[in-house]
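J.: These are the residues of each chain, in order.
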Amino acid sequence: MILSFMILLPVVAALVVATLPGADAERAGRARVVALATTLVEFALGIWLWTQFDQTTAAFQFTENLPLFAPFLNWSLGIDGIALMLIELSVFLMPLCILASWVAVKKRVPEYMAAFLLMESLMIGTFAARDMFLFYLFFEGGLIPMFLIIGIWGGARRIYASYKFFLYTLLGSVLMLVAMLWMVNFAGSADIGVLSRTDFPKEAQFWLFLAFFASFAVKMPMWPVHTWLPDAHVEAPTAGSVILAGVLLKLGGYGFIRFSLPMFPDASAQLIWLVFGLSMVAVVYTSLVALVQQDMKKLIAYSSVAHMAFVTGGLFALNTQGIEGAMVMMLSHGLVSGALFLCVGVIYDRLHTREIGRYGGLADTMPKYALVLLFFTMASVGLPATSGFVAEFLVLLGMYQTSTWATFVLTTGIILGAAYMLWLYARVAYGKAAGDDTRAMPDLSPREIAILVPIILATLWMGIYPKSFQAPMKPAIAEVVARLEGRELATVPTDMTLSPALPAIAAPAHAAESHH
Amino acid sequence: MHPIFTSIAIAGPETVLTLGSLAALMLGTFSAKGKALTVTSLFAVAILALAGFTLLDAPAGMTRAFDGLYVADDFSAFLKVIILAASAASVLLALPWLHESGAGRFEYPVLLLLATLGMTIMVSANDLLTLYVGLELAALPSYVLAAFHRQDDRSAEAGLKYFVLGALASGILLYGVTLIYGFSGSTQLDVIAGVVSGQTERSIGLLFGIVFILSGLAFKVSAVPFHMWTPDVYEGAPTPVAAFFSAAPKAAALGLLARVLVVAFPGKIAADWQQILIFIAIASMVLGAVAAVAQTNIKRLLAYSSIANIGFALVGLTPGTPAGISALLFYVTVYVAMTLGSFLVVLQLRRPDGSPVETMADFAGLSKTQPKLAAALAIFMFSHAGIPPLLGFWPKFAVFQAAIASGLIALALIGFVASVIAAFYYLRLIKIMYFDEPAVPLATEGRSVNGAMIAACALFCSPIGMLAISPLVAATARAAAALFPA
Chain A
142 MILSFMILLP
152 VVAALVVATL
162 PGADAERAGR
172 ARVVALATTL
182 VEFALGIWLW
192 TQFDQTTAAF
202 QFTENLPLFA
212 PFLNWSLGID
222 GIALMLIELS
232 VFLMPLCILA
242 SWVAVKKRVP
252 EYMAAFLLME
262 SLMIGTFAAR
272 DMFLFYLFFE
282 GGLIPMFLII
292 GIWGGARRIY
302 ASYKFFLYTL
312 LGSVLMLVAM
322 LWMVNFAGSA
332 DIGVLSRTDF
342 PKEAQFWLFL
352 AFFASFAVKM
362 PMWPVHTWLP
372 DAHVEAPTAG
382 SVILAGVLLK
392 LGGYGFIRFS
402 LPMFPDASAQ
412 LIWLVFGLSM
422 VAVVYTSLVA
432 LVQQDMKKLI
442 AYSSVAHMAF
452 VTGGLFALNT
462 QGIEGAMVMM
472 LSHGLVSGAL
482 FLCVGVIYDR
492 LHTREIGRYG
502 GLADTMPKYA
512 LVLLFFTMAS
522 VGLPATSGFV
532 AEFLVLLGMY
542 QTSTWATFVL
552 TTGIILGAAY
562 MLWLYARVAY
572 GKAAGDDTRA
582 MPDLSPREIA
592 ILVPIILATL
602 WMGIYPKSFQ
612 APMKPAIAEV
622 VARLEGRELA
632 TVPTDMTLSP
642 ALPAIAAPAH
652 AAESHH
Chain L
12 MHPIFTSIAI
22 AGPETVLTLG
32 SLAALMLGTF
42 SAKGKALTVT
52 SLFAVAILAL
62 AGFTLLDAPA
72 GMTRAFDGLY
82 VADDFSAFLK
92 VIILAASAAS
102 VLLALPWLHE
112 SGAGRFEYPV
122 LLLLATLGMT
132 IMVSANDLLT
142 LYVGLELAAL
152 PSYVLAAFHR
162 QDDRSAEAGL
172 KYFVLGALAS
182 GILLYGVTLI
192 YGFSGSTQLD
202 VIAGVVSGQT
212 ERSIGLLFGI
222 VFILSGLAFK
232 VSAVPFHMWT
242 PDVYEGAPTP
252 VAAFFSAAPK
262 AAALGLLARV
272 LVVAFPGKIA
282 ADWQQILIFI
292 AIASMVLGAV
302 AAVAQTNIKR
312 LLAYSSIANI
322 GFALVGLTPG
332 TPAGISALLF
342 YVTVYVAMTL
352 GSFLVVLQLR
362 RPDGSPVETM
372 ADFAGLSKTQ
382 PKLAAALAIF
392 MFSHAGIPPL
402 LGFWPKFAVF
412 QAAIASGLIA
422 LALIGFVASV
432 IAAFYYLRLI
442 KIMYFDEPAV
452 PLATEGRSVN
462 GAMIAACALF
472 CSPIGMLAIS
482 PLVAATARAA
492 AALFPA
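Protein sequences, first through last, are from chains A and L. First residue of the first sequence: 142, per the working numbering; consecutive thereafter. First residue of the second sequence: 12, per the working numbering; consecutive thereafter.
In isolation and in its complexed conformation, chain A is listed as follows (with noise of 0.2 angstroms):
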């Protein structure tokens, strides 16, 4: 019931938030108290599902179902390690975002609260769901709220921006939709459990790869279907864009673990070199684009395609160390990235500018500020000790058994990676100050030392001891694996003559597998 509780209750808090009575003023103040309360409550139900939580079993748990509407759907609940860190990402995100629109969002507070409540729902609809179209109502669902979010309170191109979001994304969905359809008709269960133990042919491997790949390559979002994602960013609200970096964007990642790898182990097999071939070109191509821009939102939204592509490549390293790599980049990414984005709206809040050439100096007079952006900033770059570090690390340790080739390539990504957010802190903190208003910014406010320093300590914990993350996701990533074994992998360049033998730290068990 904990699931279904934790789905309720945002809808419920979002009805109430909406239908507040009262004048305009007083209506924002207690929308505001609600929408923080009901985020506070999800994050303390989450840290209690977390203390609850099997870590021994890829067997799903706080298991429900439900025939409600039968026969389309059922309500069917529960989460493995993969999902439970997913939605504790989501939980403890969410107060930081609502916190971080406090005095930033002034026009239709109440709607704007709700609109975030529902994300929350169904955010963890998506991550809890076990029938396959359940799964689909709350990846999609999540669409309208999203849309109202950009399109209402984002920037100057926001209509341009929530268009593009909404139907780029709902192209890709909907083929997977058929996909689905299929799948279900063929297996004869919408169940995502007995569908990942279902061998389907291969020749129907490879298209229903490519439907759900055209869905979650969208939502990741991977090179070239990546354009949305800038746009979306720029003109939505900086909470908007902690939601979509931090959450919206793992959904992609997500979609892959759960449904590619273990649905289709021989297309996915098959198909590594589409993959790793488009992570390799997001990864230097995007880095090169974030290098040139002058947005600050845009250089960051460039960048979360960069690091979604070690996540892909990760994923499609198809070994231990590679899918526990996408699954922590993905985590980091979202801590790291969101922090990012709430850096860039704390000065957004005072300058009401993103251009990089109108901020600079701010280690003078921001020295909090540029304390801040300099440790998300390395964490970004992926720095030891923070949570990047242990992300990129484990992802090119798994690639490395796979493709050197690709590895090679997304090792450069990590240099340029460095030279953009370095370059980016540089003009921003150091130098000087590029007018007069940009020296009268007052430094952070105790509010957005709140929402920061909490994002420090979890990413710090993450860089530290990445076991409390890991281990839930274990078993399941070990079933996973178990699905991949023994796979015909297409023919990719693994071998470079330089490459020396592998490493003694990987894990030998898996080293010697995924060779052939």
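What the hints contain is simulated information worked out from the structure, not anything from laboratory work. As the structure is a computational prediction, the values presented were derived from the model and not from experiment. From the three backbone atoms N, C-alpha and C, an ideal C-beta is built for every residue, glycine too. Do not rely on the hints blindly, as some may be mistaken.
[Said to hold, decoys possible] No farther apart than 30 angstroms at their CA atoms in a straight line, the calculated lysine-lysine pairs in the DSS-like style are these:
no., chain 1, residue 1, chain 2, residue 2
1, A, Lys305, A, Lys247
2, A, Lys305, A, Lys343
3, A, Lys305, L, Lys383
4, A, Lys615, A, Lys343
5, A, Lys248, A, Lys439
6, A, Lys439, A, Lys509
7, L, Lys383, A, Lys247
8, L, Lys379, A, Lys305
9, A, Lys248, L, Lys44
10, A, Lys247, A, Lys439
11, A, Lys509, A, Lys573
12, A, Lys509, A, Lys305
13, A, Lys247, A, Lys509
14, L, Lys379, A, Lys248
15, A, Lys439, A, Lys573
16, A, Lys247, L, Lys379
[Said to hold, decoys possible] A few chain A residues that don't get close to chain L, going by computed Cβ distances all over 10 angstroms:
no., residue
17, Ala211
18, Tyr304
19, Ala328
20, Pro587
Got chain A; can you put chain L on it based on the hints?
T.: Only chain L this time, still in chain A's reference frame:
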């Protein structure tokens, strides 16, 4: 008892409607002038409800009447409930407009009752001649209704256009009926089925007959390429009449089409009409979606939307399986609620000078001036667009599920892509309501009856309506099974 009395008893709804419409005519004529419209309308609603009650004690299974010209089964009963409910709503929703526009004559509910009678006959028709009688009985009052606002040129034009093209379609259909009679020797659906399944070679004459019948019926459901009248008639006809056209007659014609094709032409010949349906369905879905993108008039937009919706519904009919027919019926049910809800919102709004809203620009900033109506319309639009978790997604889901189960994967793919295009213009209305600044503040009509109907439709189309899926699909499955005798 003489067989004719048994037959009349079986045709309970039709009997009630026949007598009721005559009584309503009397009532209207002899009522005080100021009250005639209201009294007749309420009486008509009562008659429609009474007709619905006669369905309650209908015998289970299939019952024939009038020497096999008429059948009463679960299929017809299900559709009759929808038709009667949609007609009752159409009577009620027109009242404010009729009072305001000066066109308020009591014939309006009477004509609606007569059209409804024709529609109930359509869905119970077991003979090509009953079919024709029902169709014409439904069509003739509709022509008058389209031209009901006689002081308005556009209304008169719509009536004339509808009549000319409708008469042409009826003629084509009748020609198809004669061909089928000539090549099969009967007009009764199950007898034709016997002849058709006995044939070893494909009969070209029969095929021609099917093509003509399909053309005539495609006109009635406004499927491409026989859709041209729809936007013009919807735009010209009074808005309550357009609302009526978009709901009950579509349900009746789709039911009729399903019965004719599934009952009379099963087996090998099904592959032939399937090809035609696939074409019609794809053309309707795609054209309905693409052509609507350029519309600025809200009624024309809803007209194209109904064309696209008919395309989706026909996807359910194409496989000709019980699952497909069940999906079709489910689609029709949800579609009727969505379209009536959308028209109700349009009817409820007034420009500051009291004139009805026409263009989409009128809706600018509606979420600020009329938040409740805007929210309801947003639900209808997202539902039309087929975004889960709104109820409008599930009929699409059901028809495509049926299509894929029959191996029609390409059809499903094209349909889903068309639905993405369609989503664009549904989103446009939401964008205008929610993202744009208000131009002129719209007033509401403030009729609580219409408000309540909007709320009911919105609730049904909202995610809460998903709770209705289980009972509804159980009912549609039972109704669909009636067309496939074991």
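J.: Going through the numbered hints above, which ones does this structure break? Give me the numbers in ascending order.
T.: 2, 9, 12, 17, 18
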